[in-house]
Amino acid sequence: MTVQLAGASDADLAEVALTRSEYEHLVEGLGREPNRLELGIVGALWSEHCSYKTSKPLLGMLPTRGPRVLQGPGENAGAVDIGHGLACVFKIESHNHPSAIEPYQGAATGVGGILRDIFTMGARPIALLDSLRFGPLDEPRQRHLFDGVVAGIGGYGNCIGVPTVGGELYFDESYRINCLVNAMCVGIVEQGRLTRATASGPGNLVLLVGADTGRDGIHGASFASVVLDAESAARRPAVQVGNPFLEKCLMEACLELAGDPRVIAMQDLGAAGLCGSTAELAHRGGCGIEIDVARASRRETGMTPYEVMLSESQERMLIVAKPADVRSLQEVFERWDLHSDVVAVILPDQRFVVRDGAEPVCDLPLDLLVDGAPSRGAPGPRPLRAVAEDMAGIATPSWTPEEALLRLIGSPNLGSRASVYRRYDHQVGDATVILPGGDAALVRVDGTALGLAIATDGNSRYTALDARHGAMIAVCEAARNVVATGAKPAAVTNCLNFANPEHADVWWDLHDAIAGIAAACTALEIPVVSGNVSLYNDTGGTGIDPTVVIGMVGVLDDVSRRCTAGFRDEGDLVGLVGPVDAELGGSEYQRLAHGVNAGPPPHLDIDLERRVQGFVLEAIESGLLHSAHDCAEGGIAIAIAESCLLGDIGAWIGVDELGTGEGLINGSAGILFGESQSRFVISFAREALVRLHELAGRHSVPFRDLGSVGGERVCVSGCIDVSLADVRQVHRGALIERE
Amino acid sequence: MRFGIAVFPGTWSDRDCRHAVELAGHEAVMLWHKDRDLQGSDCVILPGGFAYGDYLRAGAVARFAPLMESVAAFANNGGLVWGICNGFQILCEAHLLPGALTRNSSLEFRCMPTWLRVETVDSAFTAGCARGDLLQVPVSHGEGRYVADEETLAMLEREERVAFRYVRRDGSSAGDESPNGSMHDIAGVVNARRNVLGMMPHPERACEQLLGSSDGMRLFESVATSVSGSGAMPVGAAL
Amino acid sequence: MTFSVEVVVALKPVVNDPQGLVVRDGLHRLGFSGVRSVRVGKHLELEVEGDDEEAVRAQVEAMCEQLLRNTVIEDSRIASVRVLSDAAA
Amino acid sequence: MTFSVEVVVALKPVVNDPQGLVVRDGLHRLGFSGVRSVRVGKHLELEVEGDDEEAVRAQVEAMCEQLLRNTVIEDSRIASVRVLSDAAA
Ligand SMILES: Nc1ncnc2c1ncn2[C@@H]1O[C@H](COP(=O)(O)OP(=O)(O)O)[C@@H](O)[C@H]1O
Ligand SMILES: [Mg+2]
Chain E
1 MTVQLAGASD
11 ADLAEVALTR
21 SEYEHLVEGL
31 GREPNRLELG
41 IVGALWSEHC
51 SYKTSKPLLG
61 MLPTRGPRVL
71 QGPGENAGAV
81 DIGHGLACVF
91 KIESHNHPSA
101 IEPYQGAATG
111 VGGILRDIFT
121 MGARPIALLD
131 SLRFGPLDEP
141 RQRHLFDGVV
151 AGIGGYGNCI
161 GVPTVGGELY
171 FDESYRINCL
181 VNAMCVGIVE
191 QGRLTRATAS
201 GPGNLVLLVG
211 ADTGRDGIHG
221 ASFASVVLDA
231 ESAARRPAVQ
241 VGNPFLEKCL
251 MEACLELAGD
261 PRVIAMQDLG
271 AAGLCGSTAE
281 LAHRGGCGIE
291 IDVARASRRE
301 TGMTPYEVML
311 SESQERMLIV
321 AKPADVRSLQ
331 EVFERWDLHS
341 DVVAVILPDQ
351 RFVVRDGAEP
361 VCDLPLDLLV
371 DGAPSRGAPG
381 PRPLRAVAED
391 MAGIATPSWT
401 PEEALLRLIG
411 SPNLGSRASV
421 YRRYDHQVGD
431 ATVILPGGDA
441 ALVRVDGTAL
451 GLAIATDGNS
461 RYTALDARHG
471 AMIAVCEAAR
481 NVVATGAKPA
491 AVTNCLNFAN
501 PEHADVWWDL
511 HDAIAGIAAA
521 CTALEIPVVS
531 GNVSLYNDTG
541 GTGIDPTVVI
551 GMVGVLDDVS
561 RRCTAGFRDE
571 GDLVGLVGPV
581 DAELGGSEYQ
591 RLAHGVNAGP
601 PPHLDIDLER
611 RVQGFVLEAI
621 ESGLLHSAHD
631 CAEGGIAIAI
641 AESCLLGDIG
651 AWIGVDELGT
661 GEGLINGSAG
671 ILFGESQSRF
681 VISFAREALV
691 RLHELAGRHS
701 VPFRDLGSVG
711 GERVCVSGCI
721 DVSLADVRQV
731 HRGALIERE
Chain A
1 MRFGIAVFPG
11 TWSDRDCRHA
21 VELAGHEAVM
31 LWHKDRDLQG
41 SDCVILPGGF
51 AYGDYLRAGA
61 VARFAPLMES
71 VAAFANNGGL
81 VWGICNGFQI
91 LCEAHLLPGA
101 LTRNSSLEFR
111 CMPTWLRVET
121 VDSAFTAGCA
131 RGDLLQVPVS
141 HGEGRYVADE
151 ETLAMLEREE
161 RVAFRYVRRD
171 GSSAGDESPN
181 GSMHDIAGVV
191 NARRNVLGMM
201 PHPERACEQL
211 LGSSDGMRLF
221 ESVATSVSGS
231 GAMPVGAAL
Chain P
1 MTFSVEVVVA
11 LKPVVNDPQG
21 LVVRDGLHRL
31 GFSGVRSVRV
41 GKHLELEVEG
51 DDEEAVRAQV
61 EAMCEQLLRN
71 TVIEDSRIAS
81 VRVLSDAAA
Chain F
1 MTFSVEVVVA
11 LKPVVNDPQG
21 LVVRDGLHRL
31 GFSGVRSVRV
41 GKHLELEVEG
51 DDEEAVRAQV
61 EAMCEQLLRN
71 TVIEDSRIAS
81 VRVLSDAAA
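Protein chains in written order, with my numbering: chain E, 1 to 739; chain A, 1 to 239; chain P, 1 to 89; chain F, 1 to 89.
This is chain E alone, in the form it adopts within the complex (with noise of 0.2 Å):
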């Protein structure tokens, strides 16, 4: 019997997370009022989660065309064409939410998450990158839900086999109370293979595959867009279990099908469960689907149809099929030990319907369903910014350059990340070449000489201080990354994390940031393909820092021309390509000597940003260059330190050569520390200085030598002369744990 509702009260709206006016427009769009499941069905397909009716009229500033792209924004993730007929397929998601309540599972299940949806498309996963931003590290919460989170990703993909080559790692304030867990996956699958999430065929037959579905993770959806609160705590049953074998199980046989034509379509669970991918799939392909909720297998007794629609139990996956297929399909999943149920057909009329056995419990047009959730524009005019902090009364430390170097390449954003990743499985595959700790990483396409160079990137402090500029420059700097490797950038996957986006402010930063990822991506010829928007991140009225995460995938056409970071040969020459300027807006410098985030961020002209990429990536083709590194946090000095760890070899620079003799010396942190944007640090063979001034000339880029290669200390003569290995033991020890 299915309850009809006399107008819902305003707790069975709160319960499902509709405001009043949403609900208003649900009853008027379906003419009747809902009963309590389909409710709760819309209430998860309506939620911010689900239907992105705050950003998806933003979403549209993004540029997603180009020559390479395969999918754009849409699908479960977006497609390039790499050549050699195939495809590279990637996504960014957040995991946020459940990795504040569980950060073991929640960073597990967002790992499984998002290598559902790349193998969805039919791609082998071949990459995994994790994005990650907690509150201070002294502190013990913060520490246990750091190790929790690496202990999970770690412990999703080294078991599923599909290695973590890179990602980024941040500390701020502003992550105390809700931390930032965000996965990037990158697959490769033959173009004729991609698969699509697109029902069609009245009368096929949907499989449900995969896990039995229990009571975990209901209303996960409408969870991850509401603001935490202390009632979180009651609702923790929503944190899911993963488990990697049976998503390894699952992964193997979809590849298996992955351009089978008995497979009209897949679709993984993932947010909302049943309820979301059955509504999906039906709607982008034009037709209806009539699912029977007493066809899927139980973990549990006793569950009603709103549990089973709405679980979101992991590791499960929709294949649509012609009725005559479906044994043979079948037999596939078998042979992996994967038990599958037929639980829906496809209707020819685009409604969503629900039975429980004979009984109709849910019957709704899938056009309101799907699309009709009333997108919400700005909360309020454009607040003014409140002006920058002011530096002038706070005390600068008596730090000499080199006590500077040390504390910063010695503190947690700027340490080595070895603890972490030496937990990941960066090599199973055999094809990471470039490993992490450098830039961007380099992971070779097996049966080509083609290598993928991938990136995650986006610095919250700029951000932070304006939010379009910030999001410029995570854009650029992610490109960056893609080109030290030698690598063209190809395509721009996204995740937006922001506040509770209720908030005038919080929405504007949203507008702004989409508007420069847009700006930056156009000015570099570069589409966004996929991406994703988490908000909400927000816990009694305590919002985090706008922050936007830019996963990048670049080509290099033979992998045996990359560059890498890490300076090569005594007495190569070192130079600096781009600016030299002392900004230290927004700066690590900033952050540890001051304790603020205040000023202007770094200036970004972005058409130099292209001359200095376009450089870059000539110098390396051409062979003139022995190792590029991109200047990111800690400015010129700790982009020098770095690459003298990374190649285990020492450095010479000149203070003349930096441009500021006097200056430097009298303690101008920020022609040292300051974050100028644009720059890479270089190393060559003194025979190459020649024909890379010419090059330089020809791009009009400014490129300086600055010194040589050499020894084992890194010296800016006058005011840093450190030995290497004391610079080694403090960046090693960044992360651990002190007693």
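Simulated from the structure, these hints should not be mistaken for lab results. As the structure is a computational prediction, the values presented were derived from the model and not from experiment. Idealized CB from N, CA, C, for every residue including glycine. There's no promise every hint is true.
Here are the computed distance ranges between Cβ atoms for each label pair [claimed, not checked]:
#, chain 1, residue 1, chain 2, residue 2, range
1, F, GLU65, P, GLU61, 29 to 39 Å
2, P, GLY31, E, GLU331, 19 to 29 Å
3, A, GLY229, E, ASP337, 51 to 61 Å
4, F, GLU65, A, GLU157, 26 to 36 Å
5, A, ASN76, E, GLY711, 55 to 65 Å
6, P, ASP86, A, ASP122, 50 to 60 Å
Subject to a maximum C-alpha distance of 35 Å in a straight line, what follows is the list of computed DSBU-like cross-link-like pairs (lysine-lysine) [said to hold, decoys possible]:
#, chain 1, residue 1, chain 2, residue 2
7, F, LYS12, A, LYS34
8, P, LYS12, F, LYS12
9, A, LYS34, P, LYS42
10, E, LYS488, A, LYS34
11, E, LYS488, E, LYS56
12, F, LYS12, P, LYS42
13, P, LYS42, P, LYS12
14, E, LYS322, E, LYS488
In silico contact screen, one side only, chain P against chain E (beta carbon under 8 Å); selected entries [claimed, not checked]:
#, residue
15, VAL14
16, PRO18
17, SER80
18, LEU84
Chain E is already provided as a structure; the job is to place chains A, P and F with the ligands on it using the hints.
Leaving out everything else, chains A, P and F with the ligands in the frame of chain E:
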């Protein structure tokens, strides 16, 4: 020669092993865990992975696979069986090798380069090396701490059945650089007949300079030489 | 006095237990077809000093809440407490 | 009949238990200074069908030898057996 590569549902080094075998110029056949036929393999590799999920104990369930019956019979007949990582764990669980592999002493998964010292050349797998040779081969495991009782350890040492030991880059004793805290720094052991080798490090990940090391290739070549008397010319060996 | 305390930590009943599933399937594969379900948890054996059983129980319960169990997904219980030695600490 | 059987699998006393040490140190750090030692093992809860308790015990013991414990490093014991349902399978 022909290497058979076992594939359990949770195996993930199978393709890497095939890549290494083919790079060495040999034939690889994949052996499905539900089958019994070893397809004329000259050497069976049990590769890395999490065979059946391995949640209870690594290798615990895999030893009962139909394929493992054939592998055990093959080993007992003197056939070459090479367990790598999860394969080593399976061989210990199946009692084809002594001892057990337990959680790393750090309690953390470890993926990192290690240096191995070749401790015996009296096996098909190491005959191509010299005793004391150092090989750079990565590890990647959470349960690789080799343990055995004192008697077993004494026997392994006496019979020179420790195949590899973890050492530092300069060849000195691993000390706190051990990736897992194994007793006697053991990275690999052979059985009494010396036709079964188990090792935690991944030689198939060390077959090309492009990936950081080609030292692992020496083990594949050694097996091939032992089997055929003369190893096939590796593809690209002339480069 | 010294006590030996056994604590059992197990996943809450609604939580998915992949480990249990794999063990069950493994047992089936071995021919133990009568096994209907398996749940896998942790068993801890602690040696604790304290004045009396009651005090020790209270302490161990506090340990469970603070460290031994993951309160989000696990339940715990004290399975046994017995005296190991009467000597005062 | 259906039985619920509890099995405890623990490392043999001579085998090092790094996990136990970490838990003990963690408890000390939280101020539980009376904890002298911790050993961490596994606790399995099986639902098994069988004719009577004796038969079920014998079966579970066989499971322990074959799969549930690693005979090289672990001991196991049946901690409890109780009837869940009287219905014949
Ligand atoms: N910030 C973004 N930029 C571009 N595309 C996005 C963005 N956020 C979401 N998308 C696209 O919207 C679709 C829905 O995303 P999502 O709900 O995360 O997918 P899924 O349900 O497969 O996890 C996907 O095609 C995704 O690529
Ligand atoms: Mg999806």
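Results of checking the hints against the structure:
1. Restraint check, GLU65 of chain F to GLU61 of chain P: a C-beta distance of roughly 35 Å satisfies the suggested window 29 to 39 Å.
2. For GLY31 of chain P and GLU331 of chain E, the Cβ-Cβ distance of about 24 Å falls inside the hinted range of 19 to 29 Å, so the restraint holds.
3. Distance hint check for GLY229 of chain A and ASP337 of chain E: the Cβ-Cβ separation is about 42 Å, which falls outside the suggested range of 51 to 61 Å.
4. GLU65 of chain F and GLU157 of chain A have their C-beta atoms about 29 Å apart, which keeps the hinted 26 to 36 Å range intact.
5. ASN76 of chain A and GLY711 of chain E have their C-beta atoms about 59 Å apart, which keeps the hinted 55 to 65 Å range intact.
6. For the hinted restraint 50 to 60 Å between ASP86 of chain P and ASP122 of chain A, the CB-CB distance of approximately 57 Å keeps it satisfied.
7. The straight-line distance between the Cα atoms of LYS12 of chain F and LYS34 of chain A is roughly 33 Å, inside the 35 Å bound, and the hint therefore holds.
8. The suggested pairing of LYS12 of chain P with LYS12 of chain F holds, with an alpha-carbon distance near 28 Å, which does not exceed 35 Å.
9. Among the hinted pairs, LYS34 of chain A with LYS42 of chain P is consistent with the structure: their alpha-carbon atoms are about 32 Å apart, no more than 35 Å.
10. Proposed proximity of LYS488 of chain E and LYS34 of chain A is contradicted: the alpha carbons are some 45 Å apart, above 35 Å.
11. In summary, the hint linking LYS488 of chain E to LYS56 of chain E is supported, as the alpha carbons are separated by about 29 Å, within the 35 Å threshold.
12. Distance restraint check for LYS12 of chain F and LYS42 of chain P: the Cα-Cα separation of roughly 16 Å lies within the 35 Å cut-off, and the hinted pair is therefore satisfied.
13. For the hint pairing LYS42 of chain P with LYS12 of chain P, the CA-to-CA distance comes to about 13 Å; that is within 35 Å, so the pair holds.
14. Taken as a hint, the LYS322 of chain E and LYS488 of chain E pair is broken in the structure, with Cα atoms around 42 Å apart against an allowance of 35 Å.
15. Interface hint at VAL14 of chain P: satisfied, since its Cβ lies 5 Å from the closest Cβ of chain E, which is below the 8 Å cut-off.
16. With its C-beta approaching chain E no nearer than about 4 Å, PRO18 of chain P sits inside the 8 Å limit, and its interface hint holds.
17. Nearest Cβ of chain E to the Cβ of SER80 of chain P: about 28 Å, over the 8 Å cut. The hint is violated.
18. Here the hint on LEU84 of chain P is broken, as its CB sits about 29 Å from the closest CB of chain E, past 8 Å.
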